[in-house]
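Here's the letter readout for the chains.
2 protein chains.
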Amino acid sequence: MSQLTIALDAMGGDSGAEMVVEGTAIATKRITDANFLVFGDQGVLDPLIAAHGGLSDRVEIRHTDLEITAEDKPSNAVRRGQKSSMGLAVAAVRDGEAQVAVSAGNTGALMALSKVLLRTLPGIDRPALATLIPTRGRDTVMLDLGANVEAGVENLVQFAVMGAAFARTVLGLERPTVGLLNVGVEELKGHGTVKATGQLLRDTTLPLEFSGFIEGDGISAGVVDVLVTDGFTGNIAIKTAEGTAKLISAMLADAFQAGFISRIGYFLANPGLNALRSHLDPNSHNGAVFLGLNGLVVKSHGNANPKGFATAIGVAERMARANLCRLISDDLTNFGHHDQLEQKMVGVE
Amino acid sequence: MSQLTIALDAMGGDSGAEMVVEGTAIATKRITDANFLVFGDQGVLDPLIAAHGGLSDRVEIRHTDLEITAEDKPSNAVRRGQKSSMGLAVAAVRDGEAQVAVSAGNTGALMALSKVLLRTLPGIDRPALATLIPTRGRDTVMLDLGANVEAGVENLVQFAVMGAAFARTVLGLERPTVGLLNVGVEELKGHGTVKATGQLLRDTTLPLEFSGFIEGDGISAGVVDVLVTDGFTGNIAIKTAEGTAKLISAMLADAFQAGFISRIGYFLANPGLNALRSHLDPNSHNGAVFLGLNGLVVKSHGNANPKGFATAIGVAERMARANLCRLISDDLTNFGHHDQLEQKMVGVE
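Residue numbers (my numbering), protein chains in the order written: chain G, 1 to 349; chain B, 1 to 349.
Any given hint could turn out to be false.
Simulated DEER-style distance windows between Cβ atoms [claimed, not checked]:
no. : chain 1 : residue 1 : chain 2 : residue 2 : range
1   : G       : 275       : B       : 171       : 30 to 40 Å
2   : B       : 263       : G       : 56        : 42 to 52 Å
3   : B       : 175       : G       : 257       : 26 to 36 Å
4   : B       : 29        : G       : 307       : 49 to 59 Å
5   : B       : 172       : G       : 172       : 48 to 58 Å
6   : B       : 3         : G       : 257       : 41 to 51 Å
7   : G       : 307       : B       : 175       : 36 to 46 Å
8   : B       : 188       : G       : 281       : 30 to 40 Å
9   : G       : 172       : B       : 187       : 41 to 51 Å
10  : B       : 281       : G       : 79        : 47 to 57 Å
11  : G       : 250       : B       : 172       : 18 to 28 Å
12  : B       : 277       : G       : 275       : 12 to 22 Å
Below, a list of computed lysine to aspartate or glutamate pairs in the EDC-like style, where the Cα atoms sit at most 20 Å apart [as the list claims (entries may be wrong)]:
no. : chain 1 : residue 1 : chain 2 : residue 2
13  : B       : 189       : G       : 150
14  : B       : 246       : G       : 281
15  : G       : 246       : B       : 217
16  : G       : 115       : G       : 95
17  : G       : 73        : B       : 187
18  : B       : 189       : B       : 150
19  : G       : 189       : B       : 150
20  : B       : 195       : G       : 71
Keep in mind the hints are simulated off the structure, nothing from the lab. For every residue, glycine included, the Cβ atom is placed at its ideal position computed from N, Cα and C.
Given only the sequences and the hints, what does the whole structure look like? Please build it.
Structure representation (structure tokens):
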């Protein structure tokens, strides 16, 4: 396999360059055969990288003063941010210098820059943000998590195809099951867009097994391999799950500190609690992927810690090695779904 | 205070009449000064009620053979379900025989029957389903949880006013804080409807304190007293939270059964875990209220157990005693918001 290069936006995220460099240092220990192009302020990055012995051999700094902030509108990012650390990291993928880019910066800006610099695959109108959701069994691929706040029938069908390709690659499933998030499982439930999408997925031959509508409690239950929704609903659902997990973690900590005996109980139960602790730690599942572009871009949580950023780099590495973009593109071509869908779509929307 | 009468749909819910009667028996021990009108199949109900000593003095059975099933469409419920146990329970509220109705049946059917039989309050176009969400601090009122799968700007503003009235009544707050669920907190985030609603709530004088946009993780964090969203998003968010809590409960149970030492740990930590266990038990927070109607209707979870159904009866009792409908109606009139909004609304949608 040829050498892998990963482009990093060093200035994105709530804690900036220090978190990114620490995370990269953790990732280089796990991933021994990849190099990193690190985009950001050289004056800031040099001492941070020097502090990690051996890290300077694995990274190449590309200097830029410009950075995208949390407040930058997507349109501003496109107009004025192409020479920012985020824009240059994505451009490195476009130019073939890197196989994937990772950023913990502003989601809307990253989406807009990625769309302009990489362009969407043939047959895809809008990219989607996908991630793996931990369940009790196999992980579930969920998309869109907020790349688009609105999605029509055709977008949702494209998300289903891309999500299935993602599941084939990452979960190794030949014919993944795909569900559509809705307020009930019966065919008559939901608004017009979700009902029409369900109808189309039932009627169309695609490289996936359509399982129908799934309710919100199906996300954690892992009842399907791929769960499709619009970016508004998906973003709120995933953040609701995170908030619930955070509240329960806090209540669990309270419970174990309720007194001396409880603390001993905690100490004794501690080994068994590790799986739960890992499940509840958002840094264990960090890294969402923009699907549907001519190139791979991974979004880290803005408030990830170094361990979390290293997790996102791990996701980027797996996707790049699996050549995910090519697989999605092949799926779209092989199954000629686009023409077929275009015909079916007449009169639906 | 005059005698309270609560109408019950005895045939709704996944486990039917037995669960309802058991739940009523629990509720009558807590609520000693209310009577119950129980609508359902007398042949089924008689022996169930006879099995609870003293219960027959507190309940009056009103026989009907007809029942609404989970598969009934809302339109069918309205056309053919008015003499069903659900329809008759709601009609008892309309006719002043009861002050509130409780059903664990089909949500869409209950909504449709309630709207037709009770009609909406002046100034309210669509009712909304509201519940109290447990957080680490004070409970949060959240609506709509699925009464409407779509909501326009005017509906969302009406939900905000009704939610605030609910918070004033149930949480005893003079000027509740109200947030609008969105994919980000900045004013430019979200789709057109949520942005226009945010603008209108910022600009309009209403009996509430608008706190702006709230993300999904704000639901459990309890950052506002009232959280407003459309019924599609609200339904998926609340079920996602339930699913997450269920998964974590299962993982916690696994952790404590990981071995003999873990079990001792569990035993020792047990008293401290009670608050968490109660938080994780959906039957501790059962009972959502339809707001915006000329009459009170409470929806219990379809899969509630008797304890959960008793919790929903408790919610019904509190709302009826507080005269919630009157309070919401007064709020709408006093603040003359409707005329003011109608003027502002021109050109928004």
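To see whether the hints hold, each was checked on the structure:
{"no.": "1", "hint": "G:275 / B:171: 30 to 40 Å", "result": "holds, 37 Å"}
{"no.": "2", "hint": "B:263 / G:56: 42 to 52 Å", "result": "holds, 50 Å"}
{"no.": "3", "hint": "B:175 / G:257: 26 to 36 Å", "result": "holds, 35 Å"}
{"no.": "4", "hint": "B:29 / G:307: 49 to 59 Å", "result": "holds, 51 Å"}
{"no.": "5", "hint": "B:172 / G:172: 48 to 58 Å", "result": "holds, 55 Å"}
{"no.": "6", "hint": "B:3 / G:257: 41 to 51 Å", "result": "holds, 47 Å"}
{"no.": "7", "hint": "G:307 / B:175: 36 to 46 Å", "result": "holds, 43 Å"}
{"no.": "8", "hint": "B:188 / G:281: 30 to 40 Å", "result": "holds, 31 Å"}
{"no.": "9", "hint": "G:172 / B:187: 41 to 51 Å", "result": "holds, 43 Å"}
{"no.": "10", "hint": "B:281 / G:79: 47 to 57 Å", "result": "holds, 52 Å"}
{"no.": "11", "hint": "G:250 / B:172: 18 to 28 Å", "result": "holds, 25 Å"}
{"no.": "12", "hint": "B:277 / G:275: 12 to 22 Å", "result": "holds, 19 Å"}
{"no.": "13", "hint": "B:189 / G:150", "result": "holds, 12 Å"}
{"no.": "14", "hint": "B:246 / G:281", "result": "holds, 17 Å"}
{"no.": "15", "hint": "G:246 / B:217", "result": "holds, 9 Å"}
{"no.": "16", "hint": "G:115 / G:95", "result": "holds, 14 Å"}
{"no.": "17", "hint": "G:73 / B:187", "result": "holds, 11 Å"}
{"no.": "18", "hint": "B:189 / B:150", "result": "holds, 19 Å"}
{"no.": "19", "hint": "G:189 / B:150", "result": "holds, 12 Å"}
{"no.": "20", "hint": "B:195 / G:71", "result": "holds, 17 Å"}
In terms of the numbered hints stated before, the structure departs from none.
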